[in-house]
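*Asks:* The primary structure of each chain is shown beneath.
There are 2 protein chains.
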Amino acid sequence: MSDERVTDGFWLVEDESLGLAVDLTAMALDPDAMEVMAPRLARALTAMAALENGAIANPDEKRMVGHYWLRAPGLAPVQAFTEAIEAALDRVKDFAAKVHSGAVLTPSGKRFEQVLVIGIGGSTLGPQYVSHALGGPGDKLRAAFIDNTDPDGIDRVVARLRAGVGLDATLTVVISKSGGTKETRNGMLEVARAYAADGLAFAGHAVAVTGDGSELDRVARGDGWLEVFPMWDWVGGRTSELSAVGLLPAALQGLDVDAMLAGARDTDVATRREGWRQNPAAALAAAWFLTGDGHGDRAMVVLPYKDRLELFSRYLQQLVMESLGKDKDLDGATVHQGIAVFGNKGSTDQHAYVQQLRDGRDDFFVTFIEVLRSRVGERFDVDPGVTSADYLFGFMEGTRRALAERGRPSLTVTIAEADARGVGMLIALYERAVGFYATLVNINAYHQPGVEAGKRAATELLALQARVEAALPADESAALDAAGVAAKLGEPEVLTVARVLRHLAHGGEHAVARVTGTGLLASRYCSRRAS
Amino acid sequence: MSDERVTDGFWLVEDESLGLAVDLTAMALDPDAMEVMAPRLARALTAMAALENGAIANPDEKRMVGHYWLRAPGLAPVQAFTEAIEAALDRVKDFAAKVHSGAVLTPSGKRFEQVLVIGIGGSTLGPQYVSHALGGPGDKLRAAFIDNTDPDGIDRVVARLRAGVGLDATLTVVISKSGGTKETRNGMLEVARAYAADGLAFAGHAVAVTGDGSELDRVARGDGWLEVFPMWDWVGGRTSELSAVGLLPAALQGLDVDAMLAGARDTDVATRREGWRQNPAAALAAAWFLTGDGHGDRAMVVLPYKDRLELFSRYLQQLVMESLGKDKDLDGATVHQGIAVFGNKGSTDQHAYVQQLRDGRDDFFVTFIEVLRSRVGERFDVDPGVTSADYLFGFMEGTRRALAERGRPSLTVTIAEADARGVGMLIALYERAVGFYATLVNINAYHQPGVEAGKRAATELLALQARVEAALPADESAALDAAGVAAKLGEPEVLTVARVLRHLAHGGEHAVARVTGTGLLASRYCSRRAS
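Residue numbers (this note's numbering), protein chains in the order written: chain A, 1 to 531; chain B, 1 to 531.
Any given hint could be a false lead.
If we take Cβ atoms under 10 Å as the criterion, some of the chain A residues that face chain B in the derived model are [as the list claims (entries may be wrong)]:
#1 120
#2 396
#3 484
#4 487
What the hints contain is simulated information worked out from the structure, not anything from laboratory work.
Where is the CB? At the ideal position from N, CA and C, for every residue including glycine.
Just chain A, same shape as in the assembly (with noise of 0.2 Å):
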């Protein structure tokens, strides 16, 4: 780390007016590698350019890509669109204002004291990352998420509601753009019922935000649900938290949006400057193709060193994986690439895993996020003169020194603060290098085709689930294998049934027993509803 272009600050990536810095000094990057990306760095701000403008920069969906027009409206290549997104944040804030005023109460005319988020993927990630990253105990509104089919972590979250200030004075917010994701919808279900349960109507404690005409659309209207905001097909799932997605929570919980948007604002404006010295996101980019090999060849360990970005690597991961996680390139190669991140924070992951970063596998590269403030509160010294930041500074310099002396390469991204306009800077920053990163590979960075397989497969399970159930005899005497339903269903895959028996066997949920038998083959099933 101490060559000539280390010091003379070649790699070395600063926007002072922004507070935004990348350090690859300690990428070991060739420097004449990284001037060749020059051009290839130019393709992608052009692609970026053109993106912004309204280009069909998703061609397998046919559609434009418009979440950096989400903080700079005027910017939209369409006036209807400029228009949506100002009248959404309008309402975002208008109904936010309503709910922490009392004009919305509850039903029984109650102030609303906490706000449940119901979604998945990007429509929790987002929120649950800003959530964490900003919420305390002062917030107007207290947090609380549900993002999974998990009915028992249903149970535990409504749980916790209850025992908090109860269902009675919650809103729930329903968050799902296309309106048919089953662990919302089903997230939804169990919540309106817990609200029934407790004599109280749904209708009147939620939102919904989602594409118009969408079924959640349909069923939030037609049930006469306090509000519905809108999410449209030209801002993508992962890339919508500076939405109504991501700023209503946000707002309901009391935090500042208007700083996060024009956190991300401001980054945008710097991530757009040609050449990698002047654009943070470029360095980024150019940095992830070097070090992997343009294949992502080493892994992205995120580790902000604040216990506020604990939840931004898990956020980075949808952003990156599945934006950069693709079959084809754009001329139709296959080319399987990626880019696996994982990470929680710093110096905590120190702990946990810097013995093999430092003398194991050498398959990843990784990513301190800095932030400059220390802490609100008065100074406090643990040692004379040594604070607990200064700690935290030491370990996170510590770990880049001791990486970089066994050769792993780690990048460090500084921040000043983890406000809300530093959290919509790193939001930013990301999504802008993401996109690079696309065209430095030459792929699609804004469809997701291969998660429609796994959702495709599990329609067809639960059909073979209510086949098997129904094949079942009631007559434990005629009790059933997996080979023995199967055969009856004329269904090949043998196992598949024998899993899905054990599920409805064991679940406690279903009619269905095991009369005999140990194993998943060998074991015997009946069915024990009411013939």
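Starting from the known structure of chain A, fit chain B onto it as the hints suggest.
*Replies:* This is chain B only, laid out in the frame that chain A set:
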């Protein structure tokens, strides 16, 4: 997934009395290769038996490795160990009972209602996993954790404790085996300050879990803390969950520590069996070995389909990566071993990165963790005859299939229930699988030589910070840039000095100001301290 070896159960390792199954059918392993593993696994079992009998299984550190004795104290090779384990468990349960009954009260005579755990790494990852998995609104004490030296993060936890029942009713457990871990010590000092600020005597609210004679042990005994519980050098941090480290927080929270211990003990019995067909831990280790070519070439993506197991993958990150991420093998050859571990939970993570898993880089295997028991409460149908749990199962099965279609391997671990017993089973299963795998690749799983370098570098950094701070002139007109400070100090790493200066000036805690210049290297700083 329909060849003969699959449907004849060849790849299924089931133990029904235990309620545990490992399904390797979707790993696409070669049956002949699996047979070839037999003699290597036999050696791993022999090595493990020696370890359990008290061999020096951690040769570098000349230590016995005794975590299996924690749940079967009679197996310890030394009578004093047996007695120490039994006595510690009795004391943990007795102390928790007294806190619950009110026989132990706060200095002001109140009941304790919250427990704050301060630790990091092995001292919190297990407790956090268990607390999250088994806790809920009915806990006897509500649990909170401080697991870092981030003062802002500490302030947030303290603010939440104050907003709850207050520090007055909060018991603090400080966990550090060596007693010298700086993050934990800083957390303790910060929290002690918070108690003092609230007019409370910290010692009357504090309990330690630490090694005999450690720095923490001396502080706790010297200051008259409520209790000190033991840690022993024959239990490593990452395998300490079933010592007082994990059992004390769990018992205080009101969780069933006996069931956790029984789950682990029964799993130990099952994982001592010869032959992988009878031994789920051996089956896992062999599968890891074959799928990663004996070198961790595939990352382990861990997806429990159960919200309450969400932190298990994080717990595993340490257990697997710190144990297996090693530079040298036992013969001194350089091997750079390791297996990267990441994941949160299903089906949530499907919406984050199944796109990459199915279409992108082919460099991982998924571990599905299935829990048969769906929910404790009453059944609720989200579609006719279909529950949320059926969807959860369907998404897991669907993803298994969607990955298999693309040749992406996965294995499934099934447990009956995610209760205290199941939580203990998973710990024991993976502890032993990691131990077996270490023998398969001929490494020491029980040391962590790579973590010292970062700590040493951090100490050097803090010393440098003090010198940098002292080197700054108080006179603004004589302000120095990083190169100037480095020259004055004879410090070769200008960039490091520059980063220290930025931290000092912008952290908000030190009397250092930037007076002119822009950017890391050109900024000039002076001191603001009274001269």
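*Asks:* Decide, hint by hint, whether the structure agrees.
*Replies:* To see whether the hints hold, each was checked on the structure:
no.: 1; hint: 120; in the structure: holds, 5 Å
no.: 2; hint: 396; in the structure: holds, 8 Å
no.: 3; hint: 484; in the structure: violated, 13 Å
no.: 4; hint: 487; in the structure: violated, 12 Å
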